[in-house]
Amino acid sequence: MLEVEDLHVEFRTRDGVARVLNGVSYHVSAGETLAVLGESGSGKSVTAQAIMGILDTPPAHVTRGSVRFHGEELLTASPERRRAVRAEGVAMIFQDALSALNPVFTVGFQIEEQLRLRRGMSRAQARARAVELLDLVRIPAARQRVREYPHQFSGGMRQRAMIAMALALDPEVLIADEPTTALDVTVQAQIMDLLAEIQRERRMGLVLITHDLGVVAEVADRIVVMYAGRIVEQADAVSLFRAPGHPYTAALMRSLPRLDSKGTALETIRGLPPSLLRIPPGCPFHPRCPRAQGVCVTHVPPDVRLGLGRTSACHFAEGVVGGGGVGG
Amino acid sequence: MEGASVAELLEVRDLVKHFPVTRGVAFRRTVGHVRAVDGVSFSLRAGETLGVVGESGCGKSTLAQVLMRLEPPTSGTALFEGEPMFSLRGAALRRWRRDMQIVLQDPYTSLNPRMTVGDIVGEPFEIHPEVAPRGSRAGRVRELLDVVGLNPEHLNRYPHQFSGGQRQRIGIARALALRPKVIVCDEPVSALDVSIQAQVMNLLAELQGEFGLAYIFIAHDLSVVRHLSDRVAVMYLGKIVEIGTEEEIYRHPTHPYTQALLSAVPVADPALRGRRDVIRLTGDVPSPVDPPSGCRFRTRCWKARDVCATDEPALVTRVGNHPSACHFAEERHVVP
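Chains A and B supply the protein sequences, listed in that same order.
Residue 144 is where the first sequence starts when you use the working numbering, and the numbers rise one by one after that.
Residue 496 is where the second sequence starts when you use the working numbering, and the numbers rise one by one after that.
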C-alpha cells in the first residue's frame, strides 16, 4: 500500500553534505504494523518526513528514490495532490504533541478545520465529529474538552488529541514517530493499546518509529532496523527477536538490561554511531562490529536473504543468525 | 564515635518539600502547595545502591534536590553519618558537600559550554583546595578523565566536542573529583541511546566497586533500576508506596501501583505477547497540588474501597518481608 524504494536524502550543511538516507526501502500493507527501529541519527524520522513531504528543503534534498502510495509516485506529485494524500491517505503523529498542536487554537478547532476543508462539513457537523473522535481516543468529557486549548491537556491526553486529529479523515496508513517516548510508562501502555485497537478495527497500516525494543516486541508484525541511513536488517518480529540476523541488532539486544544480567557488566557496542558527514566505507557498522573483517571495510554488504521476507545487510549474515539468538 | 552504629550512611526521616503556588503580581498570595515530597523516609548504607522509581511528578527529582541541599526541606530530618545534615553550616557544611555529589540527567545543559573539560572537572578543587593542592590538579583531572574512560589528552576541549555519552562521563568525573561517599544519580542514562546507555551503566557499576560509592539512583526506567540497585523505593505523588530489596520489589511486589508499573513495562520478547499478566491503569496521575484523600493511589486503583478514601495506609510490612503502603497489600507476580 505504502512503498518506499531506494530513498536517498542528503542534508547540505555548511560543514559538508550529510548523507542521511542511503537507499532505504520498506513497505507497509493494510492492517500491518511495521516497526522502524533505530537510534538517534539512524534516519528513521527523516524517512517518515520524506514520505509525508515535510522535509525542510534546504537543507534536506531527496536525491534519489521513490515513495509510492497505491502505486502513485508522491515525490513528483503536485503540492495539491500531496496535500490530499497527506490528509486522507497517510497521516502522521509525533513525539512531542505540545509542539505539534497549535497553542492558539482549541483542540476542537484543529480537528474540525480539516473536516470542514476536506469533507465540506458545516461547523456543527464538524464539531459533532470532533467530539466523536475525542470519545474514540477515550478523552473523558469530550464535549467539554473539545473547547479547551492544548496546554490544558495532560501529556497523555495531548497524545490522544493528536491521534484523534490524525484519524479525522480516515487515513489508510498512520505513521507514528516515537508516539510514547515522552510519556510515562503507564500512560505509554494506554496509548499503545489504543493505537493497536484502532489499527485492528480500521485495518490501518501502522508505521511505528521507535528506539524502544520493548515496544517493538509488543506490537510489531515486521521490523526494519536502521543504522546510519540504511536498513541493516528486516524480519518478522518473532524471528528477529529469536535470532537477530545483523551484528548491530544482536548487539543492541544484548546491551539491554535483562533478568539474568544483574550483577554482571552489560555487553556494550564499542565506540559511537558514525557522523553522517563521514560515513565509514564498506559496511557503516564495521568500526563497531565484533565480526568485522577486511571485506567489511572495502565492500558495502548486499542484502543477504535469510528466509521468507528476511534480509540482513551483513557479509556474514548466515553466521550471525546461526550463532543463536539472545532471548528477551 | 566510631563505635556508634554508623552502618547507615544516610538516614532520612519524614522528609517534606512543598512548593507554594502563588497568584497575583503586586499582592502575591499563596493559594496552595505542590506537595512534591510528602513524608519520605529511607536509609542508605555505605556502598549500596538505592533505586528510586516513579513516574513524572512523583517527586523523585525534588527528593534529589533536597538531599543535595539545593532546595531547603519544608520539614523532616536527614542524618549523614549520624549528623543532621540540614543544619550544617560553614566549614562543616563544606566538608559534607564533598561527601555527597550529584550526576544530572541532561549532559547538554549540565556542563558549562564556555569551560574546558579540564576546568569543569577541576572546578570542585577550587572550592575544596584541601583535596588537591594547586600543583597536583592537572594530574588529578587527567586521572579522573582516565577513570571514566575519556582520553586525558582531551582536557582542553569544550563540551560541544563530545557526544552525549561522553558528556555524561564528564559529569561523572566531576562528581567523583572530591571522592564522595554518595552520588545521587538523577536519570543519568535516560537521555542516552540504548547502545550508549549500557556503557554508562557499566561505568557506574565499576566505579562503585572501585571507590565503595553508595548511589541513590533515580530513574523512570524500571529495567535500568533493576540492573543496578540493591534496594528499590517506588514513589507515587510524593510518597514512597513500597520499598524493599530488588528481589522483593520485582519478584514479590505487594502494592497495586508497583504491580501496575511493572506490568506496563514492555517486554522485549514477542513470544510473551498476550501471555503476560497485564494491568492497565486508567487516567493520569492526579495533581500534587490537591492529592486524593487517604491513599493517593486510590483514584486509579482497582482494589480501592471506602477505607482507602478515609485512612491513609502506613508504609508497614503487612505481607511478606517488606513494607508496602496499601491496606490490601498482597503479592502478585507480574514480571516474567
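Derived from the structure by calculation, the hints contain no laboratory data.
Every residue gets a Cβ at the ideal spot worked out from N, C-alpha and C, and that includes glycine.
Do not take every clue at face value.
As the list claims (entries may be wrong) - Distance windows between CB atoms, simulated:
hint: 1; chain 1: B; residue 1: Val516; chain 2: A; residue 2: Ser209; range: 50 to 58 Å
hint: 2; chain 1: B; residue 1: Val773; chain 2: A; residue 2: His294; range: 25 to 33 Å
hint: 3; chain 1: A; residue 1: Arg421; chain 2: B; residue 2: Val526; range: 50 to 58 Å
hint: 4; chain 1: A; residue 1: Arg290; chain 2: B; residue 2: Val626; range: 46 to 54 Å
hint: 5; chain 1: A; residue 1: Arg226; chain 2: B; residue 2: Gly815; range: 54 to 62 Å
hint: 6; chain 1: B; residue 1: Tyr653; chain 2: A; residue 2: Ile197; range: 27 to 35 Å
hint: 7; chain 1: A; residue 1: Arg281; chain 2: B; residue 2: Arg771; range: 57 to 65 Å
hint: 8; chain 1: A; residue 1: Thr156; chain 2: B; residue 2: Gly815; range: 53 to 61 Å
hint: 9; chain 1: B; residue 1: Gly769; chain 2: A; residue 2: Ser242; range: 30 to 38 Å
Here is how each hint holds up against the structure:
{"no.": "1", "hint": "Val516(B) - Ser209(A): 50 to 58 Å", "in the structure": "55 Å, holds"}
{"no.": "2", "hint": "Val773(B) - His294(A): 25 to 33 Å", "in the structure": "32 Å, holds"}
{"no.": "3", "hint": "Arg421(A) - Val526(B): 50 to 58 Å", "in the structure": "56 Å, holds"}
{"no.": "4", "hint": "Arg290(A) - Val626(B): 46 to 54 Å", "in the structure": "60 Å, violated"}
{"no.": "5", "hint": "Arg226(A) - Gly815(B): 54 to 62 Å", "in the structure": "60 Å, holds"}
{"no.": "6", "hint": "Tyr653(B) - Ile197(A): 27 to 35 Å", "in the structure": "34 Å, holds"}
{"no.": "7", "hint": "Arg281(A) - Arg771(B): 57 to 65 Å", "in the structure": "22 Å, violated"}
{"no.": "8", "hint": "Thr156(A) - Gly815(B): 53 to 61 Å", "in the structure": "58 Å, holds"}
{"no.": "9", "hint": "Gly769(B) - Ser242(A): 30 to 38 Å", "in the structure": "35 Å, holds"}
When the structure is compared with the earlier hints, violations turn up for hints 4, 7 and for no others.
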